[in-house]
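**Student:** Sequence:
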Amino acid sequence: MGRVVPGLAGVGAVLLLLGLVLVLTPGPSLPFLFLGAVLLVAAGVVRFVDRDRN
65 MGRVVPGLAG VGAVLLLLGL VLVLTPGPSL PFLFLGAVLL VAAGVVRFVD
115 RDRN
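Per the numbering used here, the very first residue in the sequence shown carries number 65; after that it's consecutive.
By construction, these hints were calculated from the structure, which means they are not laboratory data. Please read these numbers as outputs of a predicted model, since none were measured by experiment. Incorrect hints may appear among the rest.
Each pair of labels, with its calculated beta carbon distance range [stated by the list, open to error]: (1) P90 / F112: 16 to 24 Å; (2) L84 / A106: 15 to 23 Å; (3) G71 / F98: 17 to 25 Å; (4) G74 / P95: 36 to 44 Å; (5) T89 / V110: 16 to 24 Å; (6) P70 / P90: 14 to 22 Å; (7) G108 / V85: 18 to 26 Å; (8) V109 / V78: 35 to 43 Å; (9) V85 / A106: 32 to 40 Å; (10) L81 / V110: 18 to 26 Å; (11) V109 / L81: 18 to 26 Å; (12) V109 / L86: 36 to 44 Å; (13) L82 / G108: 15 to 23 Å.
All C-beta atoms in this analysis are idealised placements derived from N, C-alpha and C, irrespective of residue type, glycine included.
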């Protein structure tokens with residue numbers, strides 16, 4: 065499980081950055097911002113639970 069978390073956080077960060085770039089251009093940016101934030105939070109929760117288990 066430890067290997068999945070950095071990838072999940074990385075994807076979330078990329079989606080957040082993409083959403084921030086899309087905010088500057090006209091277009092749908094909210095789905096990217098929302099999805100990126102959800103993935104980052106999920107990665108944090110998984111990391112916290114994984115650390116708690118050991």
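**Student:** Work down the list of hints and note, for each, if the structure agrees.
**Tutor:** Checked hints:
1. Evaluation of the 16 to 24 Å hint for P90 and F112 yields a failure: the beta carbon distance comes to about 38 Å.
2. Under the hint 15 to 23 Å, the C-beta atoms of L84 and A106, about 19 Å apart, fit the expected range.
3. Checked against the given bound of 17 to 25 Å, the beta carbons of G71 and F98, roughly 19 Å apart, stay inside it.
4. For G74 and P95, the hinted distance range of 36 to 44 Å is not satisfied, since their beta carbons lie about 19 Å from each other.
5. A hinted range of 16 to 24 Å is violated for the C-beta pair T89 and V110, which are about 32 Å apart.
6. Between P70 and P90 the C-beta distance comes to about 33 Å, which lies outside the given range of 14 to 22 Å.
7. Under the hint 18 to 26 Å, the C-beta atoms of G108 and V85, about 23 Å apart, fit the expected range.
8. Roughly 19 Å separates the CB atoms of V109 and V78, a value that falls outside the hinted 35 to 43 Å.
9. Under the hint 32 to 40 Å, the C-beta atoms of V85 and A106, about 22 Å apart, miss the expected range.
10. The hinted range of 18 to 26 Å is satisfied by L81 and V110, whose Cβ atoms lie roughly 21 Å apart.
11. Taking the beta carbon of each, V109 and L81 are about 21 Å apart, inside 18 to 26 Å as hinted.
12. In this structure the supplied range 36 to 44 Å is violated for V109 paired with L86, their Cβ-Cβ distance being about 26 Å.
13. A C-beta distance of roughly 19 Å is found between L82 and G108, which places it inside the suggested range of 15 to 23 Å.
In summary, the numbered hints that this structure violates are 1, 4, 5, 6, 8, 9, 12.
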